[in-house]
Structures are given as C-alpha cells and as structure tokens.
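2 protein chains.
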Amino acid sequence: MKIVSSVLPAREYQHSVSKKFNEHEFHFFKRMEQIDENLIAEMEIFITYGEDLNPEIIERASSLKWICAMTAGIDKMPIEAIEKKGILVTNARGIHAIPMSEFALGLMLSHVKRLADLRELQRNKTWNKRLPVGELCGKTLLLLGTGAIPEEIARLAKAFQMKVIGVNRSGRYVGAHFGKVYPIAQLNELLPEADVIVSVLPSTPETKGLLTYEHFEQMKKEALFINLGRGDLIAMETLTRVLNEELIGHMALDVFPDEPLKADCLFWDYPNLTITPHISSITENYLPRSFTIFEHNLNVFSGKAEGDYLNKIDLKKGY
Amino acid sequence: MKIVSSVLPAREYQHSVSKKFNEHEFHFFKRMEQIDENLIAEMEIFITYGEDLNPEIIERASSLKWICAMTAGIDKMPIEAIEKKGILVTNARGIHAIPMSEFALGLMLSHVKRLADLRELQRNKTWNKRLPVGELCGKTLLLLGTGAIPEEIARLAKAFQMKVIGVNRSGRYVGAHFGKVYPIAQLNELLPEADVIVSVLPSTPETKGLLTYEHFEQMKKEALFINLGRGDLIAMETLTRVLNEELIGHMALDVFPDEPLKADCLFWDYPNLTITPHISSITENYLPRSFTIFEHNLNVFSGKAEGDYLNKIDLKKGY
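Protein sequence lines, in the order shown, are assigned to chains A and B.
Just so we're aligned, residue 1413 is where the first sequence starts under the numbering used here, counting upward by one.
Just so we're aligned, residue 1413 is where the second sequence starts under the numbering used here, counting upward by one.
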C-alpha cells in the first residue's frame, strides 16, 4: 500500500515508521508540489496539514481511500469532492490540550509575575526589589467554552488554587475541573468577577464577533484577557478601541482577525498587548502526537487491529 | 498592651487589626528610626522584618516579651541578647511556598514557551510561526531539597505531567509529590537526566558552594537551572565560568553571591541568564499571610486562644 505524506516528520521517525509498517511503502515530502503525478494516482493514504488539497487533486488521486489530516481544523479541505468519492477523513483533534493549556498558564504566570517588566529591569541593569509582583492563587479564571482544551486549562488553574468558572451554550457541564459553569447568556454578570478571561473558542457563526466593547467594559480594570482560539471572536474595531482606551489591564493575543499581522500594524507597539504568532498549539511534540494517532488508525485501516478509528470526521457535520 | 511594628501594612489592615484587637494599642512605623525612646521601652510586642534589631535596642526594650519576625530567615537578629532576656521569637516560615512555587513554574513555562524571544519578535514587528516552542509535559525536574517549598513546586510540576525527582541529605522522604528522592551523594548521577534543576536551598555551612563546575558539566546542554534559594550555593567564579562557556541552556537566578547586583556587573548582558532581584517570595499576599500568623499568635500570647504558637523559634537551633 502506498502512503504519501506532504507532512515531513523528523528523519528518525520516517525510518522508524517505515520499518514498523514495512508491508507498506512510505513517501515523505515537504510540499504537495514535489509529489509525482504517478504517485498521486497510486497513493491509497495521504497525510496532510489539510491546506494543500483541491477538487482537481482529489480527482487525480484515483486510488485514495484515506486522508489523514494532521490538524484539528479541516475547513480548508474540498469536503464536497472528498465526500463524493467516499474517502475516509481523520484529523488530529485532541492533541492541542497540553500545549495550549501550558501556553495559557505561561501567559498568566508571566503576567502576574511581571516577567516582561523584570526583563526590562535586567536590560536597564537595575536591581529593583520593590516591583509589585502578584499571584494566581486565589484569583478567578473565567473560561469561554468547556471543551477538552478549557478543561485542561481548568485542571492546571485549579492546581494553582484559582477559582475556575466557565460559560458554554447551555450551562450544562459534565467535566471535573470547573468550579461552576453558566450559560453564555449570563456572561455579562460573570465578567466583573474574573481576574483572568481565556478564550479558546473556534470560529463558528455563533462565535464571530461574540465579544463586544460592552463585554470589555464589564471586566475589571486590572483584568487579563487571553485569546488562543480564533481572531474573529472580536471585531478589529472593538479590539482597537479597547486597547486604545486601556479598558482592561492587559491582553495576550495569539490570534487576530487578520493574520499574519503586517509589519506596519499599530498593535505591535501597544504596551498593554502581548502578541504571539498563532503559536500556542505548536510544539516539538505536535508531530509525534499526530503520528501516534496515524499509527493507531493505520492498524485499523489495514485490519491489523480491531476497534474504531480515532478522530474519524463526519463530513456532513464537518467535525 | 503596646504592640509596635516597624513593618507597615496597608492602612486598611492597620485599622482592621486595631479594631479587632481593641484591647491593645498598635503603633505602626515604616522604620525603626521613627520609633520614640519611650515607646521602645514600653512595647511588649515588636513586629519586624528582622533586620533592624541590635543588642543595644534589645537592652532598651525593657518590656519586650515577643518579637514577631515577618520573614523566614532570622540570621540578622541579635540572637544572644534576645535569648538572654528570654524573649519569645516567632517567624513567618511557610508563607513562601505559594509565591515561590508560582515563580518557579512561571520561569519554567516562560523558558519552554520562549516568551522572551516572542517578546523580541513583537519588538521587531515580526510574525514568525516557526519559532520552536517546547513543553513541560514529559520533562524531568530535579529539585534540590524536599522541604515545604520544593514540595509545592513538585505538586505543580506533577500537574504539568513532569517527572519530579529530588535530593536531600539522607534520601529519606515522606512527602507526596516527588516521584523519587535520592541522597545528595548521588547528585552527579541524577544531573544528566534533568531538563530543569531548581534550588531553593537556604544558606548553611553545608550548602555554601555546594554546586561546582563539575556539577554543571554533568547537566544536559539544554538544561534550565533556576536558583531561588541563596546566592552562595554557587561560587562567583563557578557561575561566571558556566555562563561564559555556555555549559547549559539557560540560568534564571533570583539570588546572587553578592546582592544587589551593581550596575556595572557583567551578568546583566548575558543572553543565557535571566536576572530577577531576589523577588520570588514577595507578592501582594506576603503581609496579609504574615499578619494571619501574627493574629493567631497574638490570641495565644494574650490567652484568648488555647494551643501552640505558630513558628516559634528555638533560639539555640536558630530555626
């Protein structure tokens, strides 16, 4: 069976997976454009970040039976063409909770411990013991969403003795680490309580522009707001206004309405904004974890293991 | 009873404690020098950071029965004079675990998440998604010491799915959060395993100069070393040599052999060193927590509560 990948893992992994599954033929590439016509026609399995497919390639890939996406989002795939040919699609859902929750806690601790200001002190060769430093202990964290990633953030925040509350559509909650979960309709009443607000919400018609200027007005003057989800949660003009008016203590944004930020964007210079380049989920462990899912599914696909596929996508629902 | 303090808490707290214990007379000052001769002679309780006493003052404080130190270390107190007069001494031991463990985790996350480099990217108005970011999950933490502070660091590190090992004098361990504890004699064998090494060791004859150049040679090339304990753990020339030779990945030092660092110290410019000004234990919660211990002990002292003093010092032992 020919397995083609436009995702290039470390050379050691390429060797080890080819050896482990030596009944198959692995072909690794850095980019789709490097893949030969014949190979596209003959591949049965295609491993991809999900952004290099189009209906024409799906047409040419006449042997293709399984697309293994190494991302969580599959919104850039030609779903209709894939569905018509009955191709199996799996994704890498679930591997984001650890890196993103660590990133969220890192931003929170960096903020209360004033690590950026301490770095400025070092740059200015100044020893100042009187810089007022804070704690997470005893503070209130409000999470937007209660899925796998917020749940992991909640678990870590609880270890730091934070009070963790959350909102989701219905207010129903079956997880373990939130103190209390409310319906999103009550958001306005909860915002004044929160010292830290974190969103990892995906982009859907419901979340687009969900947070308005009025929401930020409800937050504490010292609040820290973190967005690791999608940039369209807040309209560009809302973001600009909240930052210009210094409505809250600090924002840390890993996502923006329009990415990548251009060099002439005014945001770069805002002292009340920490900018990171949509990087919270990407770590050295990303590909190893994605390929662990792939290996499980390859065993199911080739009949070597019983059981279900991990992360099989229902193409009608899109997730 | 006259209670005099050279520790100045927030005005609100001064009011509330005076009201709560209105049978006593509270006098708060910013500095020892502001305290009137008569008041020194009449005070029965003295609240202090422990650095403003000397044998002569102890002599003049003829009514003094209890010195309430708002610090953990009492090495700057005139112990002999105090002991001779049979004065009770208590300290603020135990309030450091939360702020210092948060500080340690903050430094660890900031390092693996490359927050300083991400900040430089922002400063340079550069969106670079390819900066390699790491994780704490799966990494090994080696703690020097297994007391209350390392125990709290271990608890948090375990929540991040780190492997936590430690060393102490004997290798005996009755805590809950270390994976395994070894006698310090085995340190050399453990250092090569550790991704992060943290010391919160106090200054004692045994810990002075404990870490040598040879120890740093045993560490991983990428290791992160954090010292939040005392600066004399490593001799100045060892520190300089390890940093100059870039023997390990990064150091974060909150304490130094000679504090405060002078403006002309070469350390400020080292890119492989994060300098913080002996600040890891000091937060907005420091005085509230210290005064909670004071209030408990005041109730015991004045016979309003039964039970033992918290943190009573055995002056012969010095702790």
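Please note that the accuracy of each hint is not assured.
[To be verified] Ranges between beta-carbon positions, derived for each pair:
hint	chain 1	residue 1	chain 2	residue 2	range
1	A	Gly1506	B	Lys1592	27 to 35 Å
2	B	Lys1592	A	Lys1488	41 to 49 Å
3	A	Pro1614	B	Glu1618	39 to 47 Å
4	B	Ser1615	A	Tyr1721	25 to 33 Å
5	A	Lys1620	B	Ser1615	56 to 64 Å
[What the hints assert, rightly or not] The calculated DSBU-like cross-link candidates involving lysine-lysine, where the alpha carbons are at most 35 Å apart (straight line), are:
hint	chain 1	residue 1	chain 2	residue 2
6	A	Lys1432	B	Lys1551
7	B	Lys1497	A	Lys1570
8	B	Lys1570	B	Lys1724
9	A	Lys1537	B	Lys1551
10	B	Lys1724	A	Lys1432
11	B	Lys1551	A	Lys1541
12	B	Lys1570	A	Lys1674
[As the list claims (entries may be wrong)] Short, incomplete list of chain A residues facing chain B, as computed with Cβ under 7 Å:
hint	residue
13	His1436
14	Phe1440
15	Pro1511
16	Lys1537
17	Leu1673
18	Leu1699
Think of the hints as simulated: they come from the structure by calculation, not from any bench.
A quick note: this is a predicted structure, and the numbers were derived from the prediction, not measured.
In this text, a Cβ means the ideal position worked out from N, Cα and C, and glycines have one as well.
Hints and how they fare:
Between Gly1506/A and Lys1592/B the C-beta distance comes to about 30 Å, which sits within the given range of 27 to 35 Å. Taking 41 to 49 Å as the suggested C-beta distance range, the pair Lys1592/B and Lys1488/A conforms, at roughly 47 Å. The beta-carbon spacing between Pro1614/A and Glu1618/B, approximately 55 Å, falls outside the hinted interval of 39 to 47 Å. The hinted range of 25 to 33 Å is not satisfied by Ser1615/B and Tyr1721/A, whose Cβ atoms lie roughly 59 Å apart.
Here the CB-CB span from Lys1620/A to Ser1615/B is close to 57 Å, well matched to the stated 56 to 64 Å. For the hint pairing Lys1432/A with Lys1551/B, the CA-to-CA distance comes to about 26 Å; that is within 35 Å, so the pair holds. The straight-line distance between the Cα atoms of Lys1497/B and Lys1570/A is roughly 47 Å, outside the 35 Å bound, and the hint therefore fails. Note on Lys1570/B and Lys1724/B: the hinted pairing holds, with a Cα-Cα distance of about 32 Å set against a maximum of 35 Å.
Among the hinted pairs, Lys1537/A with Lys1551/B is consistent with the structure: their alpha-carbon atoms are about 32 Å apart, no more than 35 Å. Proposed proximity of Lys1724/B and Lys1432/A is contradicted: the alpha carbons are some 63 Å apart, above 35 Å. As the CA atoms of Lys1551/B and Lys1541/A are separated by approximately 31 Å, the hinted pair is consistent with the 35 Å bound. Taken as a hint, the Lys1570/B and Lys1674/A pair is broken in the structure, with Cα atoms around 40 Å apart against an allowance of 35 Å.
Among the interface hints, the one on His1436/A is violated; its C-beta lies about 28 Å from the nearest C-beta in chain B, farther than the 7 Å criterion. Because the closest C-beta pair between Phe1440/A and chain B is about 19 Å apart, greater than 7 Å, the hint is violated. Taken as an interface hint, Pro1511/A checks out: its beta carbon lies about 6 Å from the nearest beta carbon of chain B, inside 7 Å. The restraint placing Lys1537/A at the interface with chain B holds, with a minimum CB-CB distance near 4 Å, inside the 7 Å limit.
Interface hint status for Leu1673/A: upheld, as the beta-carbon distance to the closest one in chain B is roughly 5 Å, under 7 Å. Evaluation of the Leu1699/A hint against chain B yields a violated restraint, the C-beta minimum of about 12 Å exceeding 7 Å.
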